[in-house]
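Taken in order, these protein sequences are the chains called A and B.
The first sequence begins at 1 in this note's numbering and counts up one residue at a time.
The second sequence begins at 1 in this note's numbering and counts up one residue at a time.
Derived by calculation from the structure, the hints in this document are not laboratory data.
For glycine and all other residues, C-beta sits at the position ideal for the given N, C-alpha and C.
Be aware that a few hints might be false.
Unchecked claim - Which bits of chain B does chain A cover? Going by a derived footprint, with three or more residues having C-beta under 8 Å, they are:
no.: 1; segment: 144 to 153
no.: 2; segment: 210 to 218
no.: 3; segment: 268 to 281
no.: 4; segment: 366 to 372
To be verified - Computed cross-link-like contacts, SDA-like style, restricted to lysine to any residue with a CA-CA straight-line distance of at most 25 Å:
no.: 5; chain 1: B; residue 1: K191; chain 2: B; residue 2: V155
no.: 6; chain 1: B; residue 1: K283; chain 2: A; residue 2: S133
no.: 7; chain 1: B; residue 1: K191; chain 2: A; residue 2: G323
no.: 8; chain 1: A; residue 1: K251; chain 2: B; residue 2: A149
no.: 9; chain 1: B; residue 1: K283; chain 2: A; residue 2: L345
no.: 10; chain 1: B; residue 1: K172; chain 2: A; residue 2: W328
no.: 11; chain 1: B; residue 1: K363; chain 2: A; residue 2: G41
no.: 12; chain 1: B; residue 1: K363; chain 2: B; residue 2: V302
no.: 13; chain 1: B; residue 1: K283; chain 2: A; residue 2: E122
What the hints assert, rightly or not - Non-contacting residues of chain B with respect to chain A, defined by C-beta distances greater than 12 Å in every case (computed):
no.: 14; residue: E21
no.: 15; residue: R23
no.: 16; residue: F25
no.: 17; residue: D44
no.: 18; residue: E45
no.: 19; residue: Q52
no.: 20; residue: A62
no.: 21; residue: V81
no.: 22; residue: R101
no.: 23; residue: Q113
no.: 24; residue: H174
no.: 25; residue: P187
no.: 26; residue: R234
no.: 27; residue: W244
no.: 28; residue: R263
no.: 29; residue: P324
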Amino acid sequence: MTRNLEELAGAEERRIAVREAAADFLRREWSLSSLRACIEGDGLADAPALWEGMRRLGWHEIDPFAAESEGSLGATQLCAIAEETGRALAPTPLVPCVVGRAILRGTQMARFSELAILAHGEGERTSDRLRTSAVAVEADGGFRLTGEKRFVPYGREAERLIVGATTRDGAFGLYEVEAETTGVDRRALRLLDGSPCAEIRLRDVDAKPIARDDEARRVLRDALSLETIARCAELVGVADRALELAVEYAKTRVAFDRPIGSFQAIQHRLVNLRAHVEVARALCQGAARASGEERSALASMAAFAALDDLRKVPEGALQVFGGIGTTWEHDIHLFLRRAATLTALLGERSGFREDVVRHLEETLA
Amino acid sequence: MKRRADLELHLTHEDEAFRAEVRAFLDECLPAGWGTLEYEGPRDEASRVEFQREWQRRLFEAGLVAIAWPKEYGGRDAGFVQQMIYDSEMARRRAPDPINRSAIAYIGPTIIQWGSDWQKGHFLPRILSGDDVWCQGFSEPGAGSDLAAIRTRAVLDGDEFVLTGQKVWTSKAHLADWCYVLARTDPSAPKHEGLSCFLVDMRTPGITVRPLRQISGRSEFNEVFFDEVRVPRRCLVGEQNAGWRIANSTLRYERAGLSRTSRIERRLEILVALAREITVDEKPRWEDPIVREHLARFAVRVEALRNLAARANAASLRGASPGPEVSIAKLLTSELDQAMADYAMDLAGPYAALVRGSPHALKGGNVPLSYLIMRAATIGGGTSEIQRNVIAERVLGLPRSSGTGK
Ligand SMILES: Cc1cc2nc3c(=O)[nH]c(=O)nc-3n(C[C@H](O)[C@H](O)[C@H](O)COP(=O)(O)OP(=O)(O)OC[C@H]3O[C@@H](n4cnc5c(N)ncnc54)[C@H](O)[C@@H]3O)c2cc1C
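This is chain B alone, in the form it adopts within the complex (with noise of 0.2 Å):
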């Protein structure tokens, strides 16, 4: 398949010579196939894990994980331009994912724009290694769309916190080296006055990390368990009590990252192939004129989100908190990364029904299990129905419908 002609932006040669080094670093550093539709990933959780730390690992030492940040941590103190030239080499080559990509999309920008100057220095480039992998821990049993309800108590004893409490749906727990947690250090004081933010060593004792299995089979999110977990004061993030302000931004950049649209790019070129490939009545479905106004309409709008997101991650990635605008994309990017993967089932008709290890089944059996991966688009990160109220109160600036707090 052709892909997509380059950014035209007018390239100064710095500009050029960034952008020759990205693409050199993709054609040495990227396995062979790559990015095609036959290219197999590795399929079980240990390997995926482990080529996904090698990924990130390689990306560190050409100096190619998170550019805009700034120099002394391991960035580059890229601009727009040169971030928008790296977002679109990674894009058109498929690239992969590094281990800690949600930690360089949300907790990083948040120590950049809340840490100390120790937690900068100790952190960051630690982030940008993959030396420490890290998950975070705002979501609780009775608190995710409510989140300033949250239970987990931090109560200041010495030159230490002590937390206790639990997070639920803790993505990569399980893994990491580190946490970053919501808690409430002022349970008299109103819901959102409170919190507060810490980074959380995960081998401190008193933790218990639960994996949880998800509806495709797979664990990648936790269940976690603190009971008297104690916390230097050094790793409150920011002033104590000013953790709802802090997490919202942070809950911000994390919504600018997942609506960074490679995922839909990819998403809309397989089912293109689908497309192709499939045939009712001995004609690909590619030819029939209802199937090219649902693929048309999903290429109208993936296009457009390109735009929409490249501007947000632009701003966040440079530790300039997004606006509430930014829900704009994620609900956006969301929804039609779940309406594409629900349109494949449609497009495979009775193969939609065939997973992994039946005959017959189709790449795999990958139409079904996007199917049942993608349900989670439109609740992680904040539902959709969260980012409408955010949409309609903080975007339009519509009267708060009753009972919904901050």
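Only chain A is shown next, with the shape it has when bound in the complex (with noise of 0.2 Å):
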């Protein structure tokens, strides 16, 4: 990754110009009452006509594996939307539909303006990012799949689903399966942060393989890697705006005659949770712009920093509001579930500690 300032500079800047035209989109076309509608179950009322607008930008074009360069939105401006859409708080299916695009260019079978979202969640925990439990079998010249998912984010807003499975003689693929057709049995799950999520479930389903053996390894590898810095990226976000309320609301509510962010207590835990912001965010930026294996193990770094810390900054900015912080009226009980769930759907702190460690070794062998 060796690349002079001046590239490293104009980079920035399209970044920055992304993330500006992003935050101006998000402020017109979405509000944090209608996430509450979302919340309080009443679906996803708004929320079509804000993916739409997306569409409209060309975001679920973005090609996150092409090289930075003018004019092309790569994954560090994929991370830098991610971001806003963590700032606003706004359900978008940005980053699976990107990413499910992104598996299908990779192999060459590109197809647009639909949404096709990698299912690989799965009941039993496992530390093995790669595994898949789902079983193809070939029958009629083509093959059929039987598995179960779970924690598929909008899986049930998905046309397609693309889909990890081993045949009877072990030989790992990836599979595209059509989401409205005999077989699958798709439910909803209710998340704490009200976003969409749903468990899938495939009972002999027609499906079109797209790739097998070490290519599905790679391609579902990267797939996954960039799917985890988005969602990284997007953690950052939330957590930056929740401090961000916090600092503002610290600079104006006044205890014993001064404001509460004159007590070196509320400093502190402001300067700390800053400091959290900045390290994934920087771990973030710095996956983004690698790729490969490289990509993979920034990845599991900038995860594993994500899991440690940035749940706490939406946690220790409510305590800065004392009362006021533990009512459903005020919002950053908000940031509070959204920080909460991505945590929780981010993946096995396990699987990524051995990532960072094997990275390590590997490093100073």
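Build the complex: two chains, separate frames, hints provided.
Right, dumping it as structure tokens:
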């Protein structure tokens, strides 16, 4: 990753420009009152309009594996946007959509404007992120898939599903499945932050193979690293905005005739939270710029830091609000809910830990 | 799960008999299955409240609400040993809270310490019986940590005080018959010197209660508005303008009450059960040394706090106001409680995101619900920052940081 400073500065300028455009768009198109409706169980009423707007901006066409160059929206830009959707607490299928499309494009099968989602989570927790319990059987010249996937964001909204499965002789492959077809059963899971998530059961479902063996493993690994980085970026945004709210409040709330932000206990708490955000953001950006195996290791580092620190940011921010922070009316709990949800669904800590340690071993060897 | 062994104390025959009495009571009165992790308590607020009222009525009939209180007001004048027996039996069986738990913990003791004979005779038995449910009207929109900044006014008019102002975060005000109110009686005096404490009948004209919703979705605290509410002079607690001292003793009783360890003992048990049940890579989390390290740390702290809190509580319940050290017990207990609820989220992994009503939610979605509820642990009863300030200034004797008043 040798790049001259000029290049870096150019990339940074483009990142900031994308970020500002995204922030501007989200300010116009999304509000926390729409999010409250999602949490109250009224469904995603206002979200589809938001997604449509994102499509018009072409965000779904980001190619996260593209080399960063003038005009291309690479992974760095994806992270910049994800950070903004995090700050706005906007429930969007941006990350799963880009990940899904990246898998299909990576295998020369790109199609546009359909939501194809990687359905990879399972009920049984495992630190081996590539593992899948779904089974593929060859039949009538095609394949049929059986298995259960859980914790699939936007799984019910998806038009197509991408599923990893193994055949009876142990060959791993990635397959594509029409979501609205016989044998696919999708159930909503209710999440703490009100965003959509599904459990998906596949029973003898017609499936089209998209990659096999080492290639499939590589594609899946890259897709999962990308997903991890983008979700971390979203978490960074959530934490960053929660912290900003707490800092604003600390400047205005008065106790003992002084702004509470003048008490060192509050100052130091806020500084520590800022440090968490900075560390996680730096790791995300580094991972976004890398590629291949290196990106995968850096993604696990970002995830490890995110799991350690990012939920603590809205927790600590809430503490600064005192009593008002424990009310439904106040917005801070919305950030807490989103951060807790993203953290919970980020992946197994032990898996990330082992990746980081393995990387450490390799770099020291 | 095998429960902790009994207290090892040298018990007299009377103490033995008392323990047998408490055990017999619990055997008879606790609902079947109570205290097991499978037991589903009442879910909605109305039935939760009804359940707690009924539980208090039963305790009252058995003379077991507040055994350390004076006999004449419905207590038993019980000493330290019997109080320890009582606490440990109640904790062992995970006995529920009576509806008036907070009034028993800190409003009653305040009345015992500072109240007039009429106040003691009239209010204390009704607190014990649960005939009167109480709330505490201290905090205001502009005065929480800085309690002495309250602005609710009480003006003497003939034989009555006239109260006007607003309280906030008033737990149980929507159920309460009475409210223990801190108000300003002398606006010209320095901040801490013009305050007084009142016992206010919630049915008096001029009181409006507006429920506030909490982040858990429940509505257990309220805004309370006082608009020229007339309070008879006999409902002033202690002397006029001596309210700051009285309120501070109440806060210490409250902090002692908040350091009861039954809740953290329960949460530790839940964590262990979760760790045994949840698997990663087909192995129970319980077997993972990193998880064991965390659980061991929690267990050690719970054990220490059992002793720390028992001391604070025993003094408090006898109406001897605990000292500022009680902030240590409150700080550690609430932070531990919160830390364990946070750790349950870590243990639960993706399942931590599933709320009640979702397929596959763990324990009815209790893990994320407790996580949300436990945010308040380090805020209510005085924030952790304020407890640390009290400990720094009053226990360690460090110089007061500038501007933080009394
Ligand atoms: C669930 C719940 C139930 C409650 N029930 C009741 C009740 O029944 N009756 C009642 O009267 N009150 C009740 N309270 C109110 C509670 O006592 C206050 O919320 C608490 O004292 C904090 O006050 P505040 O909300 O005004 O926050 P603030 O005082 O505005 O505090 C905001 C932040 O500033 C910090 N801060 C303030 N001063 C300092 C300082 N000097 N140094 C360092 N940091 C400082 C605080 O720690 C906090 O983090 C309840 C609160 C909760 C959450």
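Inset, instruction - Take a quick look at Q52 (chain B) and tell me if its Cβ sits farther than 12 Å from every Cβ on chain A, holds or violated. - result: Q52 (chain B) clear of chain A: closest Cβ-Cβ about 21 Å, beyond 12 Å.
Inset, instruction - Quick one: work out the minimum CB distance from P324 (chain B) to chain A and report holds if it exceeds 12 Å, violated otherwise. - result: Answer for P324 (chain B): holds, closest chain A Cβ roughly 17 Å.
Legend entry - Minimum Cβ-Cβ distance from E45 (chain B) to chain A exceeds 12 Å: At about 14 Å from chain A, E45 (chain B) clears the 12 Å cut-off, so the statement holds.
Legend entry - Per-stretch coverage check for the segment 210 to 218 of chain B, three Cβ contacts closer than 8 Å to chain A: holds (count 5)
Inset, instruction - Decide if the proposed pair is consistent with the structure: K251 (chain A) and A149 (chain B), CA atoms, cutoff 25 Å inclusive. - result: holds, 19 Å
Legend entry - Three-residue Cβ test at 8 Å for the coverage of the segment 268 to 281 of chain B by chain A: holds (count 4)
Inset, instruction - Classify the label on R234 (chain B) as holds or violated, using whether its beta-carbon is more than 12 Å from each beta-carbon of chain A. - result: holds, 32 Å
Legend entry - chain A covers the segment 144 to 153 of chain B, three or more CB atoms within 8 Å, holds or violated: holds (count 4)
Legend entry - Non-interface claim for Q113 (chain B) versus chain A (Cβ beyond 12 Å): holds, 27 Å
Legend entry - Outside-interface status for P187 (chain B) - nearest CB in chain A farther than 12 Å: Correct as stated: the minimum Cβ-Cβ distance to chain A is 16 Å, above 12 Å.
Inset, instruction - With 12 Å as the threshold, tell me whether A62 (chain B) passes as away from chain A on beta-carbon distances. - result: Holds: least Cβ distance 35 Å, greater than 12 Å.
Legend entry - Restraint check for K283 (chain B) with E122 (chain A), where alpha carbons must lie at most 25 Å apart: holds, 16 Å
When each numbered hint is compared with the structure, no violation occurs for any of them.
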